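A.B. asks: Letter by letter, the chains look like this.
2 protein chains.
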Amino acid sequence: VSEREKRGTHVLQAVVEVVADHGLDGVSMRTVAAAAGISLAQVQYYFRSKDELLAAAFQHVGAGVEQRAADVDTAGHPRDVLRRLLRLWLPLNEARARDARVWVAFTAASATSAALRTINLAIDHDMRSWFAEFLRRAQLSGHLDAGLDPEVEGALLLALVDGLVLQALACPTLDDGVALVTTSMDVYLARLFINHGRVH
Amino acid sequence: VSEREKRGTHVLQAVVEVVADHGLDGVSMRTVAAAAGISLAQVQYYFRSKDELLAAAFQHVGAGVEQRAADVDTAGHPRDVLRRLLRLWLPLNEARARDARVWVAFTAASATSAALRTINLAIDHDMRSWFAEFLRRAQLSGHLDAGLDPEVEGALLLALVDGLVLQALACPTLDDGVALVTTSMDVYLARLFINHGRVH
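Line order of the protein sequences matches chains Z and V. Counting from 1, one number per residue, gives the positions in the first sequence under my numbering. Counting from 201, one number per residue, gives the positions in the second sequence under my numbering.
I should point out that these hints are in silico values taken from the structure, not numbers from a laboratory. In this text, all values refer to a predicted model and were calculated from it rather than measured experimentally.
Here are the computed distance ranges between Cβ atoms for each label pair:
id, chain 1, residue 1, chain 2, residue 2, range
1, Z, Ala-69, V, Asp-273, 39 to 45 Å
2, V, Arg-337, Z, Leu-140, 39 to 45 Å
3, Z, Gln-59, V, Lys-206, 41 to 47 Å
4, V, Arg-337, Z, Ala-190, 21 to 27 Å
5, V, Asp-273, Z, Asp-21, 43 to 49 Å
6, Z, Ala-69, V, Leu-240, 47 to 53 Å
7, Z, Glu-17, V, Lys-250, 22 to 28 Å
8, Z, Arg-30, V, Tyr-245, 33 to 39 Å
9, Z, Asp-21, V, Val-387, 35 to 41 Å
10, Z, His-10, V, Leu-288, 41 to 47 Å
Each residue gets a CB set at the ideal place from its N, CA and C atoms; glycine is no exception.
Required output: the full structure, derived from the provided sequences and hints.
C.D. replies: Put into structure tokens, the structure is as follows:
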């Protein structure tokens, strides 16, 4: 990673902080410069426009989400691996709730921005593929019913985690959200894997 | 419904159109007046501020969503009733995609607005309760495994439909989205009801 890239990442992290606190409405070249503790000219050195800045920040957020999947401990029953992974995305603490709010803000903006929608689609596609590949391996190891379609199940897992994130964020307190979504997730994963596969 | 309420609803529908085309960023007392074909003073007669306007518009959108559940034809197997209902919310045509974009915009704004979050929570709560009550009746009629927790299954159904809406909106074309989410939904509902209940 070059010095330029490192500084660019510092600016993108500042965008994320601004979005978490004020939503996408709060983002301007000026507010990001202030949050990053650098000058407006320095922000403009890395990103020519607000649109370019937002696109890069969304890609940065998406890369973080995908990194968590790549880093997850894959030891044990696939149900437990998925449980660990989904818990990394759900807003189970203040830091994760901030991440989740930022993700929702960018997802919503994708509805009216073609550039952001392209990035959103790529993230969704990568996530579904990751889930599908994981479930395919679970079928090969005999942990998951071979009759299931891994692509469809991948789309369902993505829908589940996205939808649970939204419900958790709507809750009045973090604890209410945690109780609601962890129970739901556990029931879903138990049903997905129930009565299938030999014990290893 | 009084004349005043009818005119108020006309203004709220104008907010929805502005949000569908330009996102929440595009909403101001002025743009809404223009979209509604009335004067700024007339908008101000109904709503004192942009915040009040947005809160009323979100409530209007939520009421529309809940009305679709109240209106759904409940004849037949509960699996088919749910299938019909979820199809009313998914972005399966341009009009529904507009509705879905508006819902996503308000949901995202709830992350940074306490007033909108309160409304969001109330809508989520009503939807989960509707699903839970529906599933409870499906258990009583022997169509659904009595061992399932209707509250948890209600939260899962809400997560499913919310998550599938997001995935469909991210797709490059409406048709791609339709194919992705209808298949996923059918697989989910088949598994929820599989091997349970007597045939009526």
